[in-house]
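Trainee: Here the structure of chain D is known, so what remains is to put chain E in place on it, guided by the hints.
Line order of the protein sequences matches chains D and E. Heads up, the first sequence is in numbering that gives the first Met the number 0, so the first residue is 0 and it goes up one at a time. Heads up, the second sequence is in numbering that gives the first Met the number 0, so the first residue is 0 and it goes up one at a time.
It should be emphasised that the hints constitute simulated quantities derived from the structure, not laboratory data. In this text, a Cβ means the ideal position worked out from N, Cα and C, and glycines have one as well. Worth double-checking, as some hints may not be accurate.
[As the list claims (entries may be wrong)] One side only, chain D facing chain E, incomplete, derived with CB under 8 Å:
no.	residue
1	Leu178
2	Leu179
3	Pro341
4	Gly392
5	Arg423
6	Met590
7	Asn592
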Amino acid sequence: MATLTKTNRRDFLKIAGTTAGGLFIGFNWMSCDSPKMQVISTEEVLANAKNFNAFLSIAPSGDIVIYSPNPELGQNIKTSFPMVVAEELDADWSKVRVLQANLDSDKFERQLTGGSGAMPHSWERLRKAGATAKYLLVAAAAKKWEVSADELSTSESIIYHKASGKKIGYGEVANDAALLTAPEEITLKDKKDFKIIGTPVKNVENGSIFTGKPLFGLDFYREGMLHAMIQRAPFGMKIKSIDDTAARNVAGVKDVVTFENSVAVVGTSTWPLMKAKKLLKVEYEADGKVESSADHDQLFKDLLANGKAEVKREDGNVNTAFKNAAQVVTAEYQCPFLSHSPMEPMNFFAHVKADSVELVGPTQTPESARRAAAEVSGIAPENITVEITRLGGGFGRRLRADYVSEAVHVSKMMNAPVKLTWSREDDLTGGAYRPAVRYRFEAALDAEGNMTGYKLRGVGMNAGNSTRENNFPAGAVDNVLIENVNYDSSITTNAWRAPITNFLAYAEQSFLDEVAFAAKKDPVDFRLELFEKAKANPIGGELGYDADRMIGVTKMAAEKSNWGKNPNVKQGFSVYFSHRTYVAQVADIEMENGTPSLKKIHVITDCGMVVNPTGADHQVRGGVVDGMGHAMYGNLTFEGGLPTQTNFDKYRLIRMKEVPAVDTYYVDSGFDPTGLGEPCLPPTGGAIANAIFSATERRLRSQPFIDQKEFQDLNLGIKRA
Amino acid sequence: MALINLKINGKATSVDVEEDTPLLWVLRDHLGLVGTKYSCGIAQCGACTVHRNGEAIFSCITPAASLTEDEITTIEGLSKDGDHPVQKAWEEVDVAQCGYCQAGQIMNASAFLKKNPAPSMEEIDEAMNRNICRCGTYHKIREAVAMAANSK
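Chain D extracted, bound-state conformation (with noise of 0.2 Å):
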């Protein structure tokens, strides 16, 4: 159904316009002299155009330029959202140019890349953005052609009046259309009449990528900058002494200079730097508490057992319905550190300026990247600019600006426009990691095998809280109690790709596949069951999820894996909501010579409308190749507040020949379109573990799974098929 909307007016704030607008028909782009028709360049487009939004401009050329806003890290927002403006324009897609927008709080809200948000926040902006200036270009040909608006159709940016048979493309009105006033509520498509949305469009930017074109922050180059590396501290350790007499001597390093905990060499360009890095004597003593992962092991079961724990939900009687049980089933998951690791380092330009910062670079977060900077600075935020380039990989770590407040500090030291890069190594040995978490889960069963009370402590590390209290199976069971425990620790920790859930949901579907067993009970059939439960009669409070939803994803998972039908193929389910979009999965495993092999992984993604399948597809296989490498391999210890694995020979990553395929699905629940960026992540570790507790009835409660010392003899680590 068509909606009516109060356009927003932050996003809609006219930007002063050009006034070159007219002279650009009649340019010879279509010159008979050249052989070939003349590309106009962006700029030129640019200094005819006019703007209609904040999203959008249009050239007399008929050219349209869409700015996204947010920062693209890999999860295709500079198509996706480009195709939605351009849906409710009605434009033609092979006009439209898209350019990432600067930092501009004043013209867009949430200018971030996190919590695969981005798309449920901006569906309706993005939408009124084309829509709004579809209806002025309407309004502009309905004036010149002395006709009504309603009797003038729209399709790939060409406007036509039937009556009389005339027709005319935007770009010949949209100087008269930028001259218009906007309304205040426009009506949008039906979804039904979508023509862009729902039909799969090649990332914008494959041309550049693939012929080597400079677009990320470490492909940034300025004349004069200089470069920098940074020696940081171990974790829980300062600064004693330095001795930087050998690094100064390398040729082409200019200085060295040291801030806060940190020693910076800084010179003409990247190679010396690496060397004269290695050459830094620095001595650290204890400024904290200095960890190791055999502490943090020993940490977690003194505060599982007795730790002081926050109640973060609790209904009913845990007590009583753990006395009445005719069963109880209990287990403890854990799993360690992990770094982000994208494939750019951390990098950053600055330029400290008398009263400005430039800053150009990568980043999740462009607002915390200039308060970064203004901090360090002294400079107000207003003198600020932030480019955004595009970023080698997030998952998380670029939601910090710690290194574009290094990049600032080292700026205003030398007085000079600066490029800092990381090393690999100093990208894994100073992460902010997704930290370590221990959970032990409780269930209490009757005898007829139901599910009567549940219990679920997390331990977490600076991880606020490591549960989520208004997720499933809460809502289904009459007696719950979900605590928390956090213990402080000294090395840095932050969001990574799916916070929290990211092994959550691996220790709770293991847990329950583990319930079910104990309960007899088929772990599809199991869930189905609470699900109608939690649907019929939600137990407690708020909750996070929509019981029908799961219901869709969980039935269209059992239908299209062939659940249960095929004994040589031996299945593991899980299923997860997370970041508003449900995903169930189902994992295949065939033995061979006594070794799981993973055959496949069948992914149902309810994430409401689908605006690109093939980006969501990459999203889809890229969360469950993700989920999969991390729940194998993914390890990063601690010893004396430094990581032991130092770069990729030791922390391991997944590889292709260690990847099965994955076959993809999607519910049309006709729900507005949610992210994907993360929510395919969280159940596939537990798919995978529960299949390998079908094929071999072991239950790996750890990860990663290739390192447990009881499954050595399964070779987990191998191939698939």
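Mentor: Same frame as chain D, but now just chain E:
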């Protein structure tokens, strides 16, 4: 410092750098050819892959001074208009997510297909196993290599 003569993408060039400077940093910092990426610096991820006389090498661990007799090809020189069969397949399959590793993937795939124009899927997996894609575009890489092989 030493003057090193190189032949890159068909053009003779010389750079004045320390003798141990890896080709990667000569390309990126001295010649402005930033399509070749730095990611691990220890020949583990393949983001820095270029061709030496048609063979895929890790430019992050190969001193430029050891390449004075060789023809070096980078992603910028793989084709004139970005229309090498591998690049075309990458576009057709829409392989990239973040895109950072893709130049290295393309350089590895193109060197591999030159040696083995009609590979099996297993051979594709084996050859592409030396490049890491942190976004997990492996399915599409596999599909694109197979497509490029068929397109010849």
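Trainee: All hints are to be evaluated individually against the structure, with a verdict given for each.
Mentor: Here is what the structure says about each hint:
1. Because the smallest distance between the Cβ of leucine 178 of chain D and any Cβ of chain E comes to about 39 Å, over 8 Å, the interface hint for this residue is violated.
2. A least Cβ separation of about 38 Å between leucine 179 of chain D and chain E goes past the 8 Å threshold, and the interface hint is therefore violated.
3. The interface hint given for proline 341 of chain D is met, as the beta carbon of that residue sits about 6 Å from the closest beta carbon of chain E, less than 8 Å.
4. Look at glycine 392 of chain D: its Cβ gets to within about 5 Å of chain E, closer than 8 Å, so that hint holds up.
5. Restraint check, arginine 423 of chain D versus chain E: the minimum CB separation of about 5 Å is within 8 Å; hint holds.
6. The interface hint given for methionine 590 of chain D is broken, as the beta carbon of that residue sits about 21 Å from the closest beta carbon of chain E, more than 8 Å.
7. Hint on asparagine 592 of chain D is violated. Least Cβ distance to chain E is approximately 18 Å, over the 8 Å limit.
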